[in-house]
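Trainee: Sequence:
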Amino acid sequence: MSKLIYSIILVVIGALVGIYLPWYAMGVAFGLVAFVLNMPLKSSFLTGFLAGFVLWVLSALWLDLQHPSTLPSRMAQVFPLKGNVFALFVLTGVLGGLFSGIWTWAGARLRQK
Numbered sequence: 001m002s003k004l005i006y007s008i009i010l011v012v013i014g015a016l017v018g019i020y021l022p023w024y025a026m027g028v029a030f031g032l033v034a035f036v037l038n039m040p041l042k043s044s045f046l047t048g049f050l051a052g053f054v055l056w057v058l059s060a061l062w063l064d065l066q067h068p069s070t071l072p073s074r075m076a077q078v079f080p081l082k083g084n085v086f087a088l089f090v091l092t093g094v095l096g097g098l099f100s101g102i103w104t105w106a107g108a109r110l111r112q113k
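Residues 1 to 113 (UniProt numbering) are what the sequence shown spells out, left to right.
Take the hints with a grain of salt, since some may be wrong.
Distance ranges between label pairs, derived from CB positions [said to hold, decoys possible]:
1. W23 x S69: 16 to 26 Å
2. L110 x V78: 11 to 21 Å
3. N38 x P80: 33 to 43 Å
It is worth saying that the hints were derived from the structure and are not from the lab. This structure is a prediction, so every number in the text was calculated from the model and none was measured. No residue lacks a Cβ here, since even glycine has one placed at the ideal position from N, Cα and C.
Kindly produce the complete structure, drawing on both the sequences and the hints.
Mentor: Laid out in structure tokens, this is it:
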């Protein structure tokens, strides 16, 4: 399967898991998916990173649009982002991507001998 198909599967499963379970359960789900689908080790981290990045950025954006408040702009001022909310969403995506990528790599690594 291609990286795009793997990424779409990871985003859909991550979104479903994120609805019912805590945020860290997404990592376990990503690892299980990588293990079950026998994801190639060389591209597993990148695939998990991209899926996690997209999932976390879209989740943050969706929550911000559903519940408008000044909290994201205030949090962007706490970090050295000069109040840029978009940069805060990108930072959220990078952290979520690293988390997801490591778990996806771990699941793919368990399958390898």
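Trainee: Of the hints stated earlier, which fail here?
Mentor: 2
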